[in-house]
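Student: The primary structure of each chain is shown beneath.
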Amino acid sequence: MNPLNTLRTHDTLASEQDAVWQSVCSEQDLVINSGVVVWLDGAQVALFYLPDAQGKTLYAIDNHDPKSGANVIGRGLIADIKGELVVASPIYKQHFRLEDGTCLEYPQQRLRVWPVRLSRGDVEIGCRARG
Amino acid sequence: MNSIVATLNKLQTLIVIGNGMVGHHCVEQLIERGALNHYRVHVFSEEPVRAYDRVHLSEYFTGRDAESLALSDAALYQTPGITLHLGVPVLEIDRARHEVITAQGSVTYDKLILATGSYPFVPSIEGAQDDSRLVYRTLEDLDAIRAAAANARRGVVVGGGLLGLEAANALKSLGLEAHVVEFAPRLMPVQLDEHGGLALKAQIEKLGVGVHLSRATQSISAGEHYRYRMNFANDEFLETDLIVFSAGIRAQDALARQCVLEIGPRGGVVIDDACRSSDPDIYAIGECASWNGSLFGLVAPGYQMARSVAATLCKQIPEPFMGADMSTKLKLLGVDVGSIGDAHGATPGARSFQFIDESNASYRRLVVDATGKQVLGAVLVGDNSYYDTLLQYMQNAIALPKEPASLILPSSAGAPTLGPGALPQSATVCSCHNVTKGSICSAIDGGCTDLAQLKSQTKACTGCGGCAGLLKQVFEHELTARGVSVDKSLCEHFAYTRQELYALVRVEGVITFEELLARHGSGHTGCDVCKPAVGSILASCWNQPIMDPSLVPLQDTNDTFMANMQKNGTYSVVPRIAGGEITADKLIAIGVVAKKYELYTKIAGGQRIDLFGAQLHQLPDIWAELIEAGFETGHAYGKSTRTVKSCVGSTWCRYGVQDSVKMALLIEDRYKGLRSPHKLKFAVSGCTRECAEAQSKDVGVIATEKGWNLYVCGNGGMRPRHAELFATDLDDATLIRYIDRFLMFYIRTADKLQRTSVWRESLEGGLDYLKEVIINDSLGLGDELESQMQLVVSRYECEWANALKSPEKLKRFRTFVNDKRPDPDIHFVEERGQRRPIMASELNLIPVREEIA
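Chains as they are written, first to last, in our numbering: chain A, 1 to 131; chain B, 1 to 853.
None of these hints come from the bench; they were simulated from the model.
Please read these numbers as outputs of a predicted model, since none were measured by experiment.
Honestly, I wouldn't trust all of these hints.
[Claimed, not checked] Below, a list of computed lysine-lysine pairs in the DSS-like style, where the Cα atoms sit at most 27 Å apart:
| id | chain 1 | residue 1 | chain 2 | residue 2 |
| --- | --- | --- | --- | --- |
| 1 | B | K472 | B | K602 |
| 2 | B | K331 | B | K172 |
| 3 | A | K56 | B | K811 |
| 4 | B | K459 | A | K93 |
| 5 | B | K820 | B | K595 |
| 6 | B | K567 | B | K809 |
| 7 | A | K93 | B | K811 |
| 8 | B | K567 | B | K596 |
| 9 | B | K315 | B | K459 |
| 10 | B | K459 | B | K402 |
| 11 | A | K67 | B | K567 |
| 12 | A | K93 | B | K809 |
| 13 | B | K472 | B | K331 |
| 14 | B | K809 | A | K56 |
[Claimed, not checked] Listed next, the stretches of chain A that the computed footprint assigns to chain B, with coverage defined by at least 3 CB atoms under 8 Å from CB atoms of chain B:
| id | stretch |
| --- | --- |
| 15 | 23 to 30 |
| 16 | 35 to 41 |
| 17 | 51 to 58 |
| 18 | 66 to 79 |
| 19 | 87 to 101 |
By construction, the Cβ of each residue, glycine as well, lies at the ideal position given by its N, Cα and C atoms.
All chains should be built: construct the whole structure from the sequences, respecting the hints.
Tutor: Structure follows, in structure tokens:
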């Protein structure tokens with residue numbers, strides 16, 4: 001298969017109830033306070049694990065940086081900007097909110113986010129229910 | 001006829017004789033005011049080098065060379081329309097034919113400016129010759145003093161005035177036992193009163209300089225224990241190996257006398273308020289000019305004259321020269337001395353207030369007028385912090401406070417210092433360049449928010465530098481008044497500057513970001529500003545492996561993955577090639593790796609090899625192979641020591657005087673792995689030809705016959721800056737000690753992401769202060785800085801070798817943690833036999849990504 005022709009098929013879910021939870025990796029694969037990337041049926045999903053954060057501790061966000069066109073978001077630095085958790089793209093340093101993927105500097109650059117959870121030592125991403 | 005030719009033919013010829021500070025300032029002013037539209041300018045200089053800073057001449061012995069003392073870029077005199085004739089003395093002026101005559105021929109002038117300066121007066125004393133008749137004015141004079149000092153133990157300066165004390169300082173910095181012999185009963189008789197002279201004498205003697213007052217040298221004969229014996233009256237004598245005469249200056253008016261211009265009563269070319277001599281086509285400025293019977297031996301009045309003449313010649317309205325304030329503020333032999341206006345209280349009816357502190361040899365005198373409302377003058381010895389305020393009171397005729405004495409009492413007594421806000425807009429802040437508070441304010445209103453920028457825009461503080469403190473106060477006051485608060489907080493999580501955080505980390509022994517955030521910050525996470533900054537501070541202080549779990553989340557991606565991310569998300573890999581020296585086997589090993597992983601290969605600027613296009617998951621394999629071949633990481637990804645560039649040096653080069661490669665290897669091996677506020681580049685040249693371009697580096701080392709010259713704070717890049725000569729003829733151990741201290745002091749005090757060049761420009765006190773701290777250990781920090789550096793050096797470990805030992809650390813080097821495939825979106829095309837990233841325009845076959853609304 002030519003990977004270039006792979007289209008993204010995972011839209012943001014309306015609610016987690018619709019989710020089909022798909023296991024992508026183990027908790028051991030995560031790096032504390034930092035990111036790793038998983039392959040999800042042609043999509044690249046960056047996982048950020050913040051065990052000490054208040055509230056949510058795990059986030060799944062698109063690895064693709066729209067500004068540079070490179071797949072690098074998972075290698076970005078986590079920051080807290082005015083109380084919101086964001087990731088800074090490692091190439092041009094713009095910030096994306098982990099919660100909803102909005103870019104602070106360029107609101108039109110929004111990244112896709114996925115529901116994600118830890119389940120018995122596995123990391124699971126919520127995908128759209130089929131059919 | 002062609003209009004350009006017409007213009008050229010209309011040009012008159014303007015000749016400037018003399019390229020000292022005043023002559024040079026005049027040329028600058030002429031250019032600035034558009035003189036080149038009216039004149040072809042010829043500048044004749046007797047000296048072989050272009051104008052240099054005579055005010056700071058003594059620094060020639062403490063590390064500055066002719067080039068760094070030069071007042072301008074060489075480029076100024078390459079401006080079309082200007083010709084500088086160096087080492088060409090003017091022999092004669094023929095006023096009838098409007099010609100100046102040199103050994104190389106004659107040049108016709110329309111207008112002529114005499115800026116010939118002055119020469120040292122040497123009283124005629126029997127036996128004074130060679131090393132017993134040295135003077136202190138030009139670089140050549142200083143070379144002669146240096147040569148004479150080579151085999152000397154003791155040196156004497158005849159003359160206890162301002163220049164004499166400067167000369168004594170120079171002798172002291174050459175390592176001689178220095179003595180001052182003064183004819184008058186006190187030091188600096190022109191500027192100081194009796195008590196001031198006494199206080200200064202006490203301070204200077206404390207520094208080990210002998211002071212001999214009321215002594216007239218009658219003859220000089222051969223000495224018994226030293227080369228010469230100076231014989232005074234009453235059979236007193238003093239023996240010495242060399243004698244420097246600094247008994248006053250005389251206007252250099254020989255040419256004016258030769259062409260029969262009117263000469264003043266105390267010498268000098270008589271000028272009117274427009275600086276015109278008795279010949280209307282000839283002007284005279286600076287120390288060679290006599291206005292109203294007075295000569296002016298300071299730079300500020302000379303600059304005033306230069307500006308006035310430049311304006312006249314450019315058909316602008318000149319500010320007439322109406323005499324000058326001879327107030328002066330100096331540090332002589334490290335002692336503050338200030339003299340303002342009527343220091344002796346000679347004005348009829350003048351009254352004085354005096355403050356004498358014999359325990360600290362400190363003295364202050366305030367002279368006020370008969371009504372007690374205005375300052376007429378002042379004398380300061382031991383503490384010049386009172387100078388700016390007193391000078392402003394006098395220059396601007398500001399009414400005195402009720403208790404005038406409070407102006408000279410110790411500050412703890414609650415003296416009402418004159419705030420910068422109280423100064424009128426017309427107040428002169430910089431008298432060298434005639435910069436008023438008003439022009440500083442308009443520069444600020446024009447958007448200037450940076451002190452360095454303000455200096456270059458207004459030229460304030462670029463003459464003698466005496467106004468530095470006042471300029472800063474005015475600047476900060478005006479910024480605050482405009483509501484521009486300079487918030488120096490690192491970011492929203494730390495209300496501290498980088499320097500303050502550095503101190504907290506050091507003092508409290510903090511070793512993790514979390515600890516620092518919990519104790520001194522806010523929030524739980526930090527951000528992409530404070531995390532790398534703190535990561536860098538922790539590394540500078542403790543040098544723990546950068547891949548330790550607590551440090552990983554702090555680093556920018558380059559430090560995290562120990563490689564440099566490129567635009568398509570791949571990395572470049574740079575193994576260390578210390579000093580640019582590499583064996584054939586290692587070169588082959590790099591080639592093998594590059595070929596195997598299809599890496600684009602380029603020789604980088606720092607004499608090493610960059611390998612581009614590695615994907616994340618390939619980095620550990622690539623490094624395993626490089627380390628196997630004997631390489632270690634080059635830290636190209638870090639704000640840290642990068643490279644030490646070197647020329648081949650004395651082992652191969654017929655000009656080399658030292659082994660520059662060996663020194664480069666020593667330096668690179670010592671500082672590799674040192675993390676700092678910004679990247680650090682070094683270079684070592686094996687001779688003065690400087691093939692390694694060391695003067696463009698943060699730390700540059702240039703070989704001399706006797707050792708090494710050290711240059712610091714140079715920079716290439718966006719804002720190039722020449723490194724400054726810091727110390728000369730160092731042996732290996734001293735060189736390394738100075739670099740240790742310099743680097744650690746920079747790390748301790750610089751702002752985040754501040755290169756050494758910008759740091760140096762922001763250092764209050766400038767290069768002198770840096771020398772005091774590093775060379776003379778004025779802060780007593782030397783040992784501490786060295787031991788901190790030693791800790792970093794001894795903890796060095798190749799980060800890649802360390803990471804490869806730990807499966808946990810390698811966990812992150814996976815493009816996908818759940819899949820072995822490479823990133824399918826990375827594409828290369830071939831160009832000139834190598835791979836390069838595909839460009840967006842070449843991607844037309846690839847469907848556009850789905851965007852979400």
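Student: Hint by hint, note whether the structure agrees.
Tutor: Comparing the hints with the structure gives:
| no. | hint | in the structure |
| --- | --- | --- |
| 1 | K472/B <-> K602/B | 46 Å, violated |
| 2 | K331/B <-> K172/B | 15 Å, holds |
| 3 | K56/A <-> K811/B | 24 Å, holds |
| 4 | K459/B <-> K93/A | 37 Å, violated |
| 5 | K820/B <-> K595/B | 22 Å, holds |
| 6 | K567/B <-> K809/B | 25 Å, holds |
| 7 | K93/A <-> K811/B | 24 Å, holds |
| 8 | K567/B <-> K596/B | 22 Å, holds |
| 9 | K315/B <-> K459/B | 23 Å, holds |
| 10 | K459/B <-> K402/B | 36 Å, violated |
| 11 | K67/A <-> K567/B | 10 Å, holds |
| 12 | K93/A <-> K809/B | 25 Å, holds |
| 13 | K472/B <-> K331/B | 19 Å, holds |
| 14 | K809/B <-> K56/A | 25 Å, holds |
| 15 | 23 to 30 | holds (count 3) |
| 16 | 35 to 41 | holds (count 4) |
| 17 | 51 to 58 | holds (count 3) |
| 18 | 66 to 79 | holds (count 11) |
| 19 | 87 to 101 | holds (count 5) |
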